[in-house]
Amino acid sequence: MTTIHDSRFTNHDHDDHKLIHAFGALAELGHEITNKNSFQETIRTSLHLLSGAIGIMRGAAARYSRYAHELNLVAVRGLGDDFPLSLTLTTEDERQFLTNGLHPIEIAEAQVLPFFQIYDVSFADRGLQLFVPLVVREEIVGALFLGEKATGEAYTSYEKEIVCAMGQHIGVAIAQRNLMAEIERHAEENRQLFDEMRSTYHDTVKAFAAAIDCKDKYTEGHSVRVGKFSEIIASELGWGKEEVEGAAVAGYLHDVGKLTVERKIINAPYRINAKESAELNKHPGVGFEILQPIHHPYTDVPLAAKYHHERLDGRGYPDGLKGREIPYIAKIVTLADSFDAMTTDRPYKARRAARDVVDDLKGNIGRQFSPELVTAFLGGMLKELKGETTDKRFRRLLGRDYMEAEGIVEKIRTTLNDVAPTSPMTYVAAAGDILQIH
Amino acid sequence: MIQANAVPAADGVEERSVIVAGDYLNKLSGEQIEYECKRRLAAGCKELVVNFAQTELVNSIGVSILLGVIDIASKNGASVVFSDMNEDTVELFDMLGLTKHVTIV
Ligand SMILES: [Fe+2]
Ligand SMILES: [Fe+2]
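Sequences listed follow chains A and B, in order. In this text, residue positions in the first sequence follow this note's numbering: the first is 1, and each later residue adds one. In this text, residue positions in the second sequence follow this note's numbering: the first is 1001, and each later residue adds one.
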């Protein structure tokens, strides 16, 4: 945008020429306001445009805070450092300005209002002549302070019209900014509310997990640990924060169905018989029934409960699903669940040594566990043991002595090499996985 | 583009500074002029010469910034000279009252 100022117009009379110059400024102002500049910058430029359009020596633009009843200066031209940055309005001033609307007020003629009495000296010293309340949609959003013109003449009615038109633009820019701030505040409140709800949900989930674990005195803390192991696997897979949380929740709740299984079966200090086993094996289905009607922020939680005893080779329960038929989240929980079963003492079986557990995971790749999940899990364990990460998740869950057993680092390292994507073994495992689907 | 040529006085203080405004005095070059002028005035300059030889158009922001320069100069007891303006610019400055505050050469 350029100022419309062309020799073709030089023969027109003075007022026409002024109008054309001012119109150019108005056009640029419209352009400025739709620009993606910062708010401060927009108002500063707008004040320049208005001053330059009419030839005003000094001035300022302010934004109104309706809570503080203050006009706060956003842009200032030539008023000096000692001009107040914040000017207070009384209720009477506010009322009068609203009635006045977006029209210039001659400061010299408005001395009845408290506002002009309070700031009389400040205004007079700078030769301020016009005060323009920026009223947009029957609300004061700001104000303009305009000093004397370079010509020394009084403002003409047509110049006041230009002040109104440009003031309208500036007022709308401020109103828009206020609206944006309001929206941002709502969004922030909404986000906080959501965070609170999410943390409440997590607390509830953990309380549930603790309740499930209470029933099973020999495997105390099982659900909580499976939650944590599932979380580790998901984060080692590089999942996002929310997905990792979802995996943790799936782990916490995977055995929720055990709440309906008789306590004596769960706590049986011997290998349970076929009938008892059938009863216990209902827990994934029951868990699904319990979790399905609940609206979880993470969709796969009920599926994880239903299918955490399935195996890639189809020998699991309840449905004997194979390979890719098993939901991914269930595969994660399966690994976490089996790992916890192997690494904790059971009524009929002591926990196994870490090296054996690693061997078991490796041996069951393609049968029970997905290769990439075992790789991710052992990778996370190795990182911790080698001190490549500051967190001590495994040490905390399994105990320091257990995790730092002799030769364990080397064991994991060779296992990871063996199951690397290029090794024949993974190839076989992966092929087995695919073949079993068809 | 702004080119500034200073004429140093005998005692080393640049008493007279020449600032060349660009071909289109818009917001950016206008602010450069304002910055240059403030710097010169702070250094003790007593006469600011703004040369418009390369300036075809001055927009409202340009006018506003020049008004600011005039204001600062008068507060610092310095005078402002506008030189080599084209006809349109003279007429615009005349209409808006800038010419009342500066010497035109
Ligand atoms: Fe289970
Ligand atoms: Fe379990």
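There could be a bad hint or two in this list.
Not the full set, but computed from the structure, chain B residues with beta-carbon under 7 Å of chain A [to be verified]:
1) Ile1019
2) Val1020
3) Val1063
4) Gly1068
5) Asp1071
6) Ser1074
7) Leu1096
8) Gly1097
9) Val1102
10) Thr1103
11) Val1105
Honestly, the hints are just simulated from the structure, not real lab data. Backbone N, C-alpha and C fix where the C-beta goes; we use that ideal spot for every residue, glycine too.
The hints, checked one at a time:
| no. | hint | in the structure |
| --- | --- | --- |
| 1 | Ile1019 | violated, 18 Å |
| 2 | Val1020 | violated, 20 Å |
| 3 | Val1063 | holds, 3 Å |
| 4 | Gly1068 | holds, 6 Å |
| 5 | Asp1071 | holds, 5 Å |
| 6 | Ser1074 | violated, 10 Å |
| 7 | Leu1096 | holds, 3 Å |
| 8 | Gly1097 | holds, 3 Å |
| 9 | Val1102 | violated, 10 Å |
| 10 | Thr1103 | violated, 15 Å |
| 11 | Val1105 | violated, 19 Å |
Of the numbered hints given earlier, the model fails hints 1, 2, 6, 9, 10, 11; all others are met.
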